[in-house]
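Produce the entire structure from the sequences given, and follow the hints as far as they go.
Chains as they are written, first to last, in our numbering: chain A, 1 to 284; chain B, 1 to 569.
If you are wondering where the hints come from, they were derived from the structure by calculation, not from laboratory data. Each residue gets a CB set at the ideal place from its N, CA and C atoms; glycine is no exception. Hints may be right or wrong, so weigh each one.
What the hints assert, rightly or not - Just so you have them, the derived chain B footprint on chain A, three or more residues with Cβ under 8 Å:
1. 23-29
2. 91-97
3. 110-118
4. 219-231
5. 252-263
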Amino acid sequence: MPSATLLGQSVLSGVFIGALYGLLGLGLSLSWGMLRQVNLAHFALAFLGAYVTFQLAAVAKIDPFVTLAIVAPAFFVLGMALHWFFLRFSVTLLNTLLVTFGITSIIEAGIQWYWTADFHRMENAYAAVRWKLGPLFLALTDVITLGFALALALGAWAVLRFTDLGKAIRATTEDAPIAAAFGVNEKLLGFLVSGFAASVAAVAGLCLALNHTLAPVQIYAWMGVVFAAVMMGGLGRPIGPLVAGIVIGVSEAVTMAVTNPTWAPLVSFSLLIVILLLRPARFS
Amino acid sequence: MKTALAVCAVVLCAVPFVGLPAFYESFLYLLLSAIVLATSWNLLSGYSGYFSFGHGAFFGVGVYTTAALAGKLGWPFLWTLPLAALAATVLGVALGAVVFRVRALRGELFALLSLAITFVLSTIALNTVDGGPGIQVMVDMPKIAPTASGVLYLLMLAAAALTLWTAYAMYHSRFGTGLFAIHDDEDVAEVMGVPTYRFKLAAFAISCALAGLAGGIHAIFVSYVTVAETFSIALAVNVVLMSALGGTRHWLGPAVGAIAITMLLYAFTSGNAAVVGRALSGLILIVVIVAMPAGILGQILKRFRREPPARPRPEAILTDLHHAKKSGEPLLVVRGVAKAFKGVQALAGVDLDIRRGEILGLVGPNGSGKSTLINVVSGHYAVDRGSIRFEGEELVGTPAHRIARAGIARTYQIPRPFQQLTVLQNIALRPMFGQVVMDRASAEAEAWRWLEFTNLADKAYRYPGELNLHQRKFLELARALASRPRLLFLDEVLSGLTPAEMDGALRLIRAIRDQGATIVFVEHVMRAVMEVTDRVAVLTYGRAIAEGAPAEVMRHPDVVSAYLGAAHV
Numbered sequence: 001m002p003s004a005t006l007l008g009q010s011v012l013s014g015v016f017i018g019a020l021y022g023l024l025g026l027g028l029s030l031s032w033g034m035l036r037q038v039n040l041a042h043f044a045l046a047f048l049g050a051y052v053t054f055q056l057a058a059v060a061k062i063d064p065f066v067t068l069a070i071v072a073p074a075f076f077v078l079g080m081a082l083h084w085f086f087l088r089f090s091v092t093l094l095n096t097l098l099v100t101f102g103i104t105s106i107i108e109a110g111i112q113w114y115w116t117a118d119f120h121r122m123e124n125a126y127a128a129v130r131w132k133l134g135p136l137f138l139a140l141t142d143v144i145t146l147g148f149a150l151a152l153a154l155g156a157w158a159v160l161r162f163t164d165l166g167k168a169i170r171a172t173t174e175d176a177p178i179a180a181a182f183g184v185n186e187k188l189l190g191f192l193v194s195g196f197a198a199s200v201a202a203v204a205g206l207c208l209a210l211n212h213t214l215a216p217v218q219i220y221a222w223m224g225v226v227f228a229a230v231m232m233g234g235l236g237r238p239i240g241p242l243v244a245g246i247v248i249g250v251s252e253a254v255t256m257a258v259t260n261p262t263w264a265p266l267v268s269f270s271l272l273i274v275i276l277l278l279r280p281a282r283f284s
Numbered sequence: 001m002k003t004a005l006a007v008c009a010v011v012l013c014a015v016p017f018v019g020l021p022a023f024y025e026s027f028l029y030l031l032l033s034a035i036v037l038a039t040s041w042n043l044l045s046g047y048s049g050y051f052s053f054g055h056g057a058f059f060g061v062g063v064y065t066t067a068a069l070a071g072k073l074g075w076p077f078l079w080t081l082p083l084a085a086l087a088a089t090v091l092g093v094a095l096g097a098v099v100f101r102v103r104a105l106r107g108e109l110f111a112l113l114s115l116a117i118t119f120v121l122s123t124i125a126l127n128t129v130d131g132g133p134g135i136q137v138m139v140d141m142p143k144i145a146p147t148a149s150g151v152l153y154l155l156m157l158a159a160a161a162l163t164l165w166t167a168y169a170m171y172h173s174r175f176g177t178g179l180f181a182i183h184d185d186e187d188v189a190e191v192m193g194v195p196t197y198r199f200k201l202a203a204f205a206i207s208c209a210l211a212g213l214a215g216g217i218h219a220i221f222v223s224y225v226t227v228a229e230t231f232s233i234a235l236a237v238n239v240v241l242m243s244a245l246g247g248t249r250h251w252l253g254p255a256v257g258a259i260a261i262t263m264l265l266y267a268f269t270s271g272n273a274a275v276v277g278r279a280l281s282g283l284i285l286i287v288v289i290v291a292m293p294a295g296i297l298g299q300i301l302k303r304f305r306r307e308p309p310a311r312p313r314p315e316a317i318l319t320d321l322h323h324a325k326k327s328g329e330p331l332l333v334v335r336g337v338a339k340a341f342k343g344v345q346a347l348a349g350v351d352l353d354i355r356r357g358e359i360l361g362l363v364g365p366n367g368s369g370k371s372t373l374i375n376v377v378s379g380h381y382a383v384d385r386g387s388i389r390f391e392g393e394e395l396v397g398t399p400a401h402r403i404a405r406a407g408i409a410r411t412y413q414i415p416r417p418f419q420q421l422t423v424l425q426n427i428a429l430r431p432m433f434g435q436v437v438m439d440r441a442s443a444e445a446e447a448w449r450w451l452e453f454t455n456l457a458d459k460a461y462r463y464p465g466e467l468n469l470h471q472r473k474f475l476e477l478a479r480a481l482a483s484r485p486r487l488l489f490l491d492e493v494l495s496g497l498t499p500a501e502m503d504g505a506l507r508l509i510r511a512i513r514d515q516g517a518t519i520v521f522v523e524h525v526m527r528a529v530m531e532v533t534d535r536v537a538v539l540t541y542g543r544a545i546a547e548g549a550p551a552e553v554m555r556h557p558d559v560v561s562a563y564l565g566a567a568h569v
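This is the structure in structure tokens:
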């Protein structure tokens with residue numbers, strides 16, 4: 001059994017990695033739940049964002065947070081373009097999975113071509129900032145990730161819950177033709193949601209660049225875990241994936257502390273299977 | 001045709017013995033392994049529409065099974081192949097047993113879980129058999145060809161032949177037809193008697209077994225097995241791509257795609273070109289999905305699609321259609337059946353008897369629970385409480401396909417034909433999964449009678465999308481009749497028809513009645529109800545409030561108030 005300090009540090013790091021799962025899951029959950037699109041390319045997009053941030057910060061010496069002002073709007077447009085493509089060719093739900101799989105391959109190949117398959121790490125001033133909380137260490141970049149995840153999830157939730165815009169989006173999700181008959185501009189809302197989802201990918205990309213080493217093959221490594229968080233947390237729900245992501249993150253971190261770290265990828269899958277076995281009604 | 005196939009087989013088998021450079025054997029080997037993987041993937045994913053992104057994982061299980069048994073423990077190589085197939089099958093069945101039970105989101109859930117399983121397996125392999133550096137697989141080859149690469153080529157050739165034969169046989173059997181029905185509308189397929197859960201699981205098991213077999217052979221081909229190379233997502237992408245490109249709705253489609261993609265990727269093997277190849281395969285996937293959903297083979301077949309010659313018309317006379325005679329004893333007994341949807345009590349304790357040989361009119365205002373009752377009896381919804389006995393057998397808790405096989409059929413108010421099956425195939429599906437299981441040929445012969453009966457014979461090779469509403473309604477009817485049901489639920493077959501079409505439909509219903517069938521006739525058109533029914537039952541708010549002769553029931557005060565409101569004088 002590991003010591004209490006190690007366990008505490010594991011739980012803490014689990015919370016932070018879980019926040020990143022939740023951040024990645026937010027965009028997926030929204031576009032899946034509201035637009036009926038399963039966007040596998042969300043991960044490739046996040047990594048593209050991370051690489052662009054890395055490039056701007058490392059080569060052009062721009063502060064990583066300032067890069068967000070460039071990357072996030074650009075991604076908003078990318079998200080809208082993707083949505084336009086799906087509308088234009090009326091792609092079915094399952095086919096969105098296949099098409100975005102194709103897009104993922106293209107983005108991955110593009111990243112590998114430009115930045116090579118080697119690992120990259122963004123050197124930045126923020127990564128050096130660490131605090132000591134009793135016996136535990138706390139990194140600024142982790143706290144920033146958690147902050148972004150909480151702010152965006154709660155913000156999206158509040159908009160959906162309390163504003164007229166949110167009401168219109170929820171109405172469209174439930175029954176688009178009826179919502180349109182009540183004067184909701186459902187087309188515009190679709191573009192808005194997909195643009196927002198892609199912008200969240202840009203934010204997730206920034207957090208990836210701040211905390212992790214980057215390599216093109218890692219795009220796929222995040223898919224299983226984050227989709228598990230989305231499916232456990234619920235489709236079209238902003239806060240669910242974050243909560244589920246943190247549960248998964250903590251379970252993984254504890255697993256790593258107690259057993260061999262290489263077993264961690266099994267945790268999210270096992271959790272999902274257990275939920276499928278115990279609560280199949282959750283998925284119908 | 002047969003001679004061409006035989007010549008082909010002889011030529012392919014002779015390749016290792018003519019002394020070609022090993023390169024050609026290896027290239028042909030890769031081509032064949034692509035055919036095995038794409039075709040086996042298609043058995044589940046193309047036929048039934050459950051897309052798997054985890055085919056690489058099942059292939060990988062085969063690779064590691066053989067690598068561990070033959071490479072580490074020194075078992076004879078050929079003996080490990082069945083075990084490689086078995087290991088992949090066990091894994092697939094375990095995954096399928098969990099996922100295939102889910103009712104909503106099942107397609108997406110399956111796709112994503114199969115994607116995840118690749119990483120899960122690579123983790124397990126890394127932590128157990130592999131241990132990190134990989135496994136060296138050096139084995140004694142069986143001496144069936146002069147060179148080692150020749151032996152591997154012959155083994156993969158055998159695997160490809162087996163896979164293509166399986167795909168062909170499934171495509172032309174009831175199994176395949178059932179899977180195609182699942183692809184189009186799984187819920188309807190189940191109600192039509194297709195054991196959907198078992199079929200999906202069986203197709204998945206076969207698909208995994210073939211992938212595992214290919215993996216076992218491949219372990220020797222690569223001779224040095226590593227986790228990173230084995231459990232790659234690229235393989236899953238390529239397999240999906242090959243099948244989609246070739247055409248997923250034909251047994252030979254994936255093989256066509258496999259050849260095309262393997263040739264293409266071969267041009268981009270080394271260095272930076274591999275990156276270009278990956279991007280290109282992504283791009284082709286997108287274009288194919290969006291612009292060419294039928295794939296290369298599908299397009300070609302469409303171009304050369306000929307209407308088969310009209311069949312000799314069988315006599316449309318119905319002999320021994322129904323075993324039932326009017327006897328008055330109850331055929332179906334419904335007691336206290338309740339069903340709620342999120343607080344809406346659709347059925348609130350229905351008691352109803354349906355007597356052998358009668359036509360029972362089931363009427364009631366909109367939302368009174370008529371359609372829910374049909375859905376409950378046919379097994380589509382599970383009841384909250386109550387009992388439904390058919391010929392003394394309890395139906396509650398029986399899966400829908402068993403209920404269909406017991407002899408209960410229904411039509412859908414809004415026709416739900418299988419969109420990608422022809423009218424003939426739509427109807428022939430029923431006898432294939434009816435009380436007496438028929439093979440495809442006799443089921444089609446049977447279907448022709450019902451095409452004739454419903455005047456759809458000249459539309460036999462059309463797709464449902466090409467029919468008008470009236471014809472689609474008759475297709476629903478023909479589909480239900482083709483199972484020779486003992487009890488038939490007609491759910492508003494007349495709605496939306498013109499008066500003339502309605503008269504035609506009523507003539508058909510009378511013809512069915514004259515054979516002594518038991519029919520439950522759900523209808524709003526009162527003229528029709530009064531004309532054809534023997535008895536009428538009235539539902540309101542999920543309860544049967546009156547039952548009896550049509551004219552009497554319509555005068556019943558509760559019925560009058562249910563329809564017109566209570567009189568306040």
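So, going through the hints one by one against the coordinates:
| no. | hint | verdict |
| --- | --- | --- |
| 1 | 23-29 | violated (count 0) |
| 2 | 91-97 | holds (count 5) |
| 3 | 110-118 | holds (count 3) |
| 4 | 219-231 | holds (count 7) |
| 5 | 252-263 | holds (count 3) |
Against the hints set out earlier in the document, a violation occurs for number 1 only.
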